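Trainee: So the protein lines, in turn, are chains R and Y. Those letters in the first sequence? Residues 2 to 158, by my numbering. Those letters in the second sequence? Residues 930 to 1374, by my numbering.
Simulated from the structure, these hints should not be mistaken for laboratory data. Mixed in with the good hints there might be a few duds.
Stated by the list, open to error - Here are the simulated lysine to any residue pairs, SDA-like style, with alpha carbons at most 25 Å apart:
{"hint": "1", "chain 1": "Y", "residue 1": "Lys-1162", "chain 2": "R", "residue 2": "Ser-72"}
{"hint": "2", "chain 1": "R", "residue 1": "Lys-116", "chain 2": "Y", "residue 2": "Gly-1124"}
{"hint": "3", "chain 1": "R", "residue 1": "Lys-81", "chain 2": "Y", "residue 2": "Val-1145"}
{"hint": "4", "chain 1": "Y", "residue 1": "Lys-1162", "chain 2": "R", "residue 2": "Ala-24"}
{"hint": "5", "chain 1": "R", "residue 1": "Lys-71", "chain 2": "Y", "residue 2": "Val-1248"}
{"hint": "6", "chain 1": "R", "residue 1": "Lys-60", "chain 2": "Y", "residue 2": "Gly-1124"}
{"hint": "7", "chain 1": "R", "residue 1": "Lys-141", "chain 2": "Y", "residue 2": "Val-1271"}
{"hint": "8", "chain 1": "R", "residue 1": "Lys-81", "chain 2": "Y", "residue 2": "Phe-1144"}
{"hint": "9", "chain 1": "Y", "residue 1": "Lys-1267", "chain 2": "R", "residue 2": "Asp-44"}
{"hint": "10", "chain 1": "R", "residue 1": "Lys-71", "chain 2": "Y", "residue 2": "Ala-1275"}
{"hint": "11", "chain 1": "Y", "residue 1": "Lys-1253", "chain 2": "R", "residue 2": "Leu-112"}
{"hint": "12", "chain 1": "Y", "residue 1": "Lys-1162", "chain 2": "R", "residue 2": "Ile-68"}
{"hint": "13", "chain 1": "R", "residue 1": "Lys-60", "chain 2": "Y", "residue 2": "Met-1273"}
{"hint": "14", "chain 1": "R", "residue 1": "Lys-60", "chain 2": "Y", "residue 2": "Gln-956"}
{"hint": "15", "chain 1": "R", "residue 1": "Lys-141", "chain 2": "Y", "residue 2": "Ser-1276"}
{"hint": "16", "chain 1": "R", "residue 1": "Lys-60", "chain 2": "R", "residue 2": "Met-117"}
{"hint": "17", "chain 1": "R", "residue 1": "Lys-81", "chain 2": "Y", "residue 2": "Glu-1256"}
{"hint": "18", "chain 1": "R", "residue 1": "Lys-116", "chain 2": "Y", "residue 2": "Gln-956"}
{"hint": "19", "chain 1": "Y", "residue 1": "Lys-1253", "chain 2": "R", "residue 2": "Asn-146"}
{"hint": "20", "chain 1": "R", "residue 1": "Lys-60", "chain 2": "Y", "residue 2": "Ser-1157"}
{"hint": "21", "chain 1": "R", "residue 1": "Lys-60", "chain 2": "Y", "residue 2": "Ala-1275"}
{"hint": "22", "chain 1": "R", "residue 1": "Lys-141", "chain 2": "Y", "residue 2": "Met-1273"}
{"hint": "23", "chain 1": "R", "residue 1": "Lys-60", "chain 2": "Y", "residue 2": "Glu-1272"}
{"hint": "24", "chain 1": "Y", "residue 1": "Lys-1253", "chain 2": "R", "residue 2": "Phe-120"}
{"hint": "25", "chain 1": "R", "residue 1": "Lys-81", "chain 2": "Y", "residue 2": "His-1141"}
{"hint": "26", "chain 1": "R", "residue 1": "Lys-71", "chain 2": "Y", "residue 2": "Val-1271"}
{"hint": "27", "chain 1": "Y", "residue 1": "Lys-1029", "chain 2": "R", "residue 2": "Asp-44"}
{"hint": "28", "chain 1": "R", "residue 1": "Lys-116", "chain 2": "Y", "residue 2": "Val-1145"}
{"hint": "29", "chain 1": "R", "residue 1": "Lys-116", "chain 2": "Y", "residue 2": "Asn-1302"}
{"hint": "30", "chain 1": "R", "residue 1": "Lys-60", "chain 2": "Y", "residue 2": "Asp-1151"}
{"hint": "31", "chain 1": "Y", "residue 1": "Lys-1253", "chain 2": "R", "residue 2": "Met-117"}
{"hint": "32", "chain 1": "Y", "residue 1": "Lys-1267", "chain 2": "R", "residue 2": "Pro-49"}
{"hint": "33", "chain 1": "R", "residue 1": "Lys-71", "chain 2": "Y", "residue 2": "Arg-1156"}
{"hint": "34", "chain 1": "R", "residue 1": "Lys-141", "chain 2": "Y", "residue 2": "His-1141"}
{"hint": "35", "chain 1": "Y", "residue 1": "Lys-1253", "chain 2": "R", "residue 2": "Gly-73"}
{"hint": "36", "chain 1": "R", "residue 1": "Lys-71", "chain 2": "Y", "residue 2": "Met-1273"}
All values derive from a computational prediction rather than experimental measurement.
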Amino acid sequence: MAVDRQQIEDFLYREARLMDSHAYDEWLALWADDGLYWIPSNDDDIDPQRHVSIVYENKPRLEDRIIRLKSGVAYAQDPKSRLSRVVSNVEVEEGENNEIVVHCTFNLTALRRSKMDTFAGHVLYRLRPYESSFKIVYKKVLLVNNDEVINNMTFLV
Amino acid sequence: MTSTRTTIDYEALVKEDRIHGSVYTNQEIFDTEMDRIFHRGWVYIGHASEIPTPGDFRLRRIGRQSVIMVRDDSGEVQLLMNRCTHRANAVCQVERGNTKVFRCAYHAWTFRNNGELLGVTYSDRYDASFRKEDYGLRKAPRMGVYRGLVFGSLSPVGVSLDEHLGGPVKDQIDLFIDLSPEGELDVTAGVHKYGYRANWKFQIENSMDGYHPNFVHQTFFDNIQRRSGANIKDLFISRSAAQTRDLGNGHVMLDFRPYNMQKGPGLRAALPTTPWGQAYREALVQRHGKERAEAILTAGGTHLLVFPNLVLIGVQLRVIRPLKTDETEVFLYPTLLKGVPVEMNASRLRGHESFYGPAGGGATDDLEMFERNQVGLSAQVDPWLLLARGLHRETQDSDGTFVGQVTDELTQRAIWRQWKRQMSQGSETVARRRTNGAAPRRVAQ
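Next up, chain R with everything else stripped away, as it sits in the complex:
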């Protein structure tokens, strides 16, 4: 199957825009029911059954996260962070089970309470074709600062 690179980039840009604009429901709709969202802590290659992660969430836990963010009383996002990220360095490979493996990097500026922070890293996706688009089956975020003090990363990364 020939992979349409532009279609994948468009998908990544749309996901970035949804995250930046706190469009929680629309972002959640991008996820497959068997999806896994993973941000390792301290190191990029850890065993999540024996080592803690910053985020390690299946779809039900992702739903809980979104419910909390939409509640109006998630104080860590009250006020909401202002976000602007760039996604680039996109590499696309064919994966198994008709999935598409995508590597990319991101650089995110987050502003909250007059303090600007940068988050950056490499992201590994497995995407499953769905209708004319994709669903996210797997998203692993390798944060540059996953072994550093992070004050607040309650927005979507």
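Since chain R is already given, all that's left is putting chain Y on it; use the hints.
Mentor: The following block gives chain Y in isolation, referenced to the frame of chain R:
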């Protein structure tokens, strides 16, 4: 050792039912805290299980001072100050690792991992009076270990760690660790690091606050109720049987056991329904006997502040690191239990991740509260903070600890009394207080 000269009257700042806001904002007070609390008393450093193999080390802090917790080649745990005895270079540059030697990059002096000075380069230019034995890496003057929890003190004198902790604190630490059928913690599951722009004492006060959860964490509790039916909010109402408890010397806890015993069968029965639950329960009974195993499962751990910088909460060891009056780092070490199935430890991690850490659904809202507190402190028309909840309703338990209701501010008052003692006397020895001279009253079990 530097001492801070101060004319601050701590009695005037910490009253029975209120404290003065300057305790969170004043620079001299912060510097004095470093000197009199962190650089004199007992401070938690790390857990022995983090350094299982000779040569393993972790770089930590005692107050402002960089210290290496290392297991030397003979298997002993050492606390070595991270400072070359030549001209003060930091000999350890990474947070964790394994090494036989610490080599200073500047002039290449080399130290064994027990601190001994092994080699001095071009040593022919030192006089005969220079002896390598005099220039080993300095050790923290005192080290004490309880159940693998390593504490250090920068003062060569003072009460022992045993006396500082006291029996009730050790009982709570035991309940936390004895969830392991081997009685051993495994603190090798990494660390969450978060920080906030506010004073360090907000974190320890908040960790021991049973009044805020139903408000700050309401969505987290709602999610749990929706998924599992469990009503966590019930634990934190003012009619809950759960308690606040003062264990002496500034050590305080939230005691959920009376509540758990009321709800009892539901909680304790939950465990065996998992595939590995029955085997785990039997292992605990085999090690401890049925009664003690029941007590361990009913407690389900602990929720304890070991003054000043260690909190045992959830499945984690939480270490508070003050940086400035309005800047604090907090490191959370989720613990695994030795001798339990992989699934049980993985479950501990999943539970920890959902609430804690910089992307967690609970603790992050607490940090937001601390930063809002620090902003609020700027308004000083009235400089006082009120700590009057449950003020005249504290009772003494048969073990000498004092108890209140879980939403009371007994825990904060106990923290501030210890703070005041250490700040004004410079000493952490304490006579256990009495309830206004009245005979201690036994609390119904």
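Trainee: So, for every hint listed, does it hold in this structure?
Mentor: We went through each hint and held it up to the structure:
{"no.": "1", "hint": "Lys-1162(Y) <-> Ser-72(R)", "in the structure": "17 Å, holds"}
{"no.": "2", "hint": "Lys-116(R) <-> Gly-1124(Y)", "in the structure": "14 Å, holds"}
{"no.": "3", "hint": "Lys-81(R) <-> Val-1145(Y)", "in the structure": "16 Å, holds"}
{"no.": "4", "hint": "Lys-1162(Y) <-> Ala-24(R)", "in the structure": "29 Å, violated"}
{"no.": "5", "hint": "Lys-71(R) <-> Val-1248(Y)", "in the structure": "31 Å, violated"}
{"no.": "6", "hint": "Lys-60(R) <-> Gly-1124(Y)", "in the structure": "28 Å, violated"}
{"no.": "7", "hint": "Lys-141(R) <-> Val-1271(Y)", "in the structure": "22 Å, holds"}
{"no.": "8", "hint": "Lys-81(R) <-> Phe-1144(Y)", "in the structure": "19 Å, holds"}
{"no.": "9", "hint": "Lys-1267(Y) <-> Asp-44(R)", "in the structure": "23 Å, holds"}
{"no.": "10", "hint": "Lys-71(R) <-> Ala-1275(Y)", "in the structure": "28 Å, violated"}
{"no.": "11", "hint": "Lys-1253(Y) <-> Leu-112(R)", "in the structure": "22 Å, holds"}
{"no.": "12", "hint": "Lys-1162(Y) <-> Ile-68(R)", "in the structure": "18 Å, holds"}
{"no.": "13", "hint": "Lys-60(R) <-> Met-1273(Y)", "in the structure": "21 Å, holds"}
{"no.": "14", "hint": "Lys-60(R) <-> Gln-956(Y)", "in the structure": "47 Å, violated"}
{"no.": "15", "hint": "Lys-141(R) <-> Ser-1276(Y)", "in the structure": "20 Å, holds"}
{"no.": "16", "hint": "Lys-60(R) <-> Met-117(R)", "in the structure": "30 Å, violated"}
{"no.": "17", "hint": "Lys-81(R) <-> Glu-1256(Y)", "in the structure": "21 Å, holds"}
{"no.": "18", "hint": "Lys-116(R) <-> Gln-956(Y)", "in the structure": "23 Å, holds"}
{"no.": "19", "hint": "Lys-1253(Y) <-> Asn-146(R)", "in the structure": "22 Å, holds"}
{"no.": "20", "hint": "Lys-60(R) <-> Ser-1157(Y)", "in the structure": "16 Å, holds"}
{"no.": "21", "hint": "Lys-60(R) <-> Ala-1275(Y)", "in the structure": "17 Å, holds"}
{"no.": "22", "hint": "Lys-141(R) <-> Met-1273(Y)", "in the structure": "24 Å, holds"}
{"no.": "23", "hint": "Lys-60(R) <-> Glu-1272(Y)", "in the structure": "19 Å, holds"}
{"no.": "24", "hint": "Lys-1253(Y) <-> Phe-120(R)", "in the structure": "24 Å, holds"}
{"no.": "25", "hint": "Lys-81(R) <-> His-1141(Y)", "in the structure": "22 Å, holds"}
{"no.": "26", "hint": "Lys-71(R) <-> Val-1271(Y)", "in the structure": "34 Å, violated"}
{"no.": "27", "hint": "Lys-1029(Y) <-> Asp-44(R)", "in the structure": "24 Å, holds"}
{"no.": "28", "hint": "Lys-116(R) <-> Val-1145(Y)", "in the structure": "23 Å, holds"}
{"no.": "29", "hint": "Lys-116(R) <-> Asn-1302(Y)", "in the structure": "17 Å, holds"}
{"no.": "30", "hint": "Lys-60(R) <-> Asp-1151(Y)", "in the structure": "18 Å, holds"}
{"no.": "31", "hint": "Lys-1253(Y) <-> Met-117(R)", "in the structure": "20 Å, holds"}
{"no.": "32", "hint": "Lys-1267(Y) <-> Pro-49(R)", "in the structure": "17 Å, holds"}
{"no.": "33", "hint": "Lys-71(R) <-> Arg-1156(Y)", "in the structure": "17 Å, holds"}
{"no.": "34", "hint": "Lys-141(R) <-> His-1141(Y)", "in the structure": "34 Å, violated"}
{"no.": "35", "hint": "Lys-1253(Y) <-> Gly-73(R)", "in the structure": "31 Å, violated"}
{"no.": "36", "hint": "Lys-71(R) <-> Met-1273(Y)", "in the structure": "31 Å, violated"}
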